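S.K.: This is what each chain is made of:
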Amino acid sequence: MTRATTTTVTAPVLRAHSPEVSAARARRWGAFYYAEQVLRVMKGYGWTIVMYGVGQPVAYLFAMGVGLATLVQANGAGAFGGVSYLTFIAPALLISSAVMTAANEFTFPVLDGFKWRRVYYGPHASPLTPEQIAGGHIIAVTLRFLLQSAIYFGVVALFGAAPGAWGWVSIFIATLAGLSFGLPLMAYAATIKEDRGQFAMVMRFIVMPLFLFSGTFFPLDTLPLGVRWIGWISPIWHGTELGRVVSYGYEEEPWLTIVHVLFLLALAVAGWVLSKRQFAKRMAS
Amino acid sequence: MRVSELASKESRVNRPSDDAPQYVITAENLTKRYGDVTAVDGISFRVPAGEAFGLLGPNGAGKSTTMKMIGGVSQRTSGSLSIMGLDPEQHGPEVRAHLGVVPQQDNLDEELKVRDNLLVYGRYFGLPMSYLKPKADELLEFAQLTDKARSKVDALSGGMKRRLTIARSLINEPRILLLDEPTTGLDPQARHILWDRLFRLKEQGVTLILTTHYMDEAEQLCDRLIVVDKGKIMAEGSPASLIRDYSTREVLELRFGSERNASVGAELEGIGERLETLPDRVLIYAHDGEAALEQVTARGLRPVTSLVRRSSLEDVFLRLTGRSLVD
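Top to bottom, those sequences are chains G and U.
Just so it is clear: in the first sequence, position 117 is 117 by the working numbering, and no numbers are missing.
Just so it is clear: in the second sequence, position 88 is 1088 by the working numbering, and no numbers are missing.
The set of hints was computed from the structure by calculation and includes no laboratory data.
It should be emphasised that the depicted structure is a prediction, and the values quoted were computed from it without experimental measurement.
Even glycine gets a Cβ: it sits at the ideal position worked out from N, Cα and C.
Each statement offered as a hint is correct.
DSS-like mimics (lysine-lysine), calculated; alpha carbons at most 30 Å apart, straight line:
id, chain 1, residue 1, chain 2, residue 2
1, G, 281, G, 193
2, U, 1113, G, 115
3, G, 281, U, 1230
4, G, 281, U, 1161
5, U, 1152, G, 193
6, G, 43, U, 1152
7, G, 115, U, 1230
8, G, 193, U, 1161
9, U, 1161, G, 115
10, U, 1148, G, 115
11, U, 1152, G, 115
Simulated DEER-style distance windows between Cβ atoms:
id, chain 1, residue 1, chain 2, residue 2, range
12, G, 131, U, 1080, 24 to 30 Å
13, U, 1244, G, 116, 43 to 49 Å
14, U, 1277, G, 20, 55 to 61 Å
15, G, 166, U, 1154, 44 to 50 Å
A few chain U residues that don't get close to chain G, going by computed Cβ distances all over 10 Å:
id, residue
16, 1037
17, 1146
18, 1147
19, 1151
20, 1188
21, 1230
22, 1238
23, 1241
24, 1255
25, 1263
26, 1287
27, 1291
28, 1297
29, 1310
Chain G on its own, in the form it takes in the complex (with noise of 0.2 Å):
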């Protein structure tokens, strides 16, 4: 039995859809529509960051873990609550690697959006709102975050450095600690006008001391109390002391790692209202 069949070609309409469920779309999902951007644009430089997650671990768990580990454990193994020195600095490292790229990707690319090639006047001309704009950057860096950390703890559980079962919480801890340095320095950096080199002086005089005076080589009370309070306000200290805790089952208070997670929480909520609140004030004008 045959059937006759008639098909009818017709070329497709490229119609848009109406600026009501463009609107509609874009009230809900706004913050990821420009996310996305910024994750396209990340990935002209992916290879940077992956280089940097892979890299950066390995110089510095070779340099301090192995090499600067001789000498310290010549002298015991004891300052360290027992584990290798290698295993003690790793959450530490991951946690300022974090940091670190927190500290270059809310703050360069937040002027280059407001003022050198005012990225951020594009999409506010779209149905997006400032809000939303801020939103979706954090959403795309909390998501290099989660990547770049995730190769750095991969790289430091094949140093052998990660001996617990839940050292993989620190991929977590990591980008919290990112967010809450993060989110406040985005807050400020969006209410500059004038470059006049601040993120360099913040590079030298807040992220380089947070580095150094933050428990990351040497336990905190190790430090003379003058400087120690520097560890307390520092999210790399709070982060490291989660991360020790996860990754190699480091005893603290209980009291005190709830105090580590509300201080990073904080921060992080606070910078993320600030942030958003300076993005809607500075586009509005």
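Position chain U relative to chain G; hints supplied.
M.R.: Leaving out everything else, chain U in the frame of chain G:
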């Protein structure tokens, strides 16, 4: 729906005829202050669908500020504003979803390729890739940038970047296009290409709102325009009617050398309808420029150069404000 409600309401008030236009933009006493500075000082205008409407004025007149308020990115200090029947301050995303915006300064993403700039921008409207990919190609064709699709934005000339910005503004098929100084900084050839593209959009019924301080651009593109100075509307009408109302048919431009331009004024008294003395030249407004020139020479005056031309919006502006458009 709200647009038609608005239009029908207005037609009852202002336009008793049946073919009353639907206003896509209505501004009443629109005002914007930055501290003590009043950038936009109580301006009112309406734009019907499909019109090419211009804001002509010098730098700092308040044109860009007005555009930002229409674009729903700057909050007004007072007055009312409605775009497609919506208040941009309450319905920012909805208003912006109707618009295409070409800002004064290009803000393309220079780290992305030409075509990716269009795709990414379309995503801000929640448009799917199945629509965006063919649409991006279509717009690159329209902007004569097809062979640059995979180039970095960095590699484009000023005119190409401008065309890409226009292509980007069209990704959501807006019915209203806002163009802030679209051809500033472009060479004459690039400007003509751009004007041609804008004409095509006008033919498709897109409402164009543009600011410019170029009188030729305003004359070429605008059906109707407002002349703005110091945040206020000085005059409103079509380019031809403005020239008719505020100037003569022709202008005689005379140069006597910078020393004499000012002093020669008295000797030219009575020639033409009006005399304007500028530092570099003297303008005589007359219906017949050649006849005016004959009168000048009959008085024994010998200008270094003389030129008879048609009146332009520049003359309208000079008449209204006593200043030139481009300083």
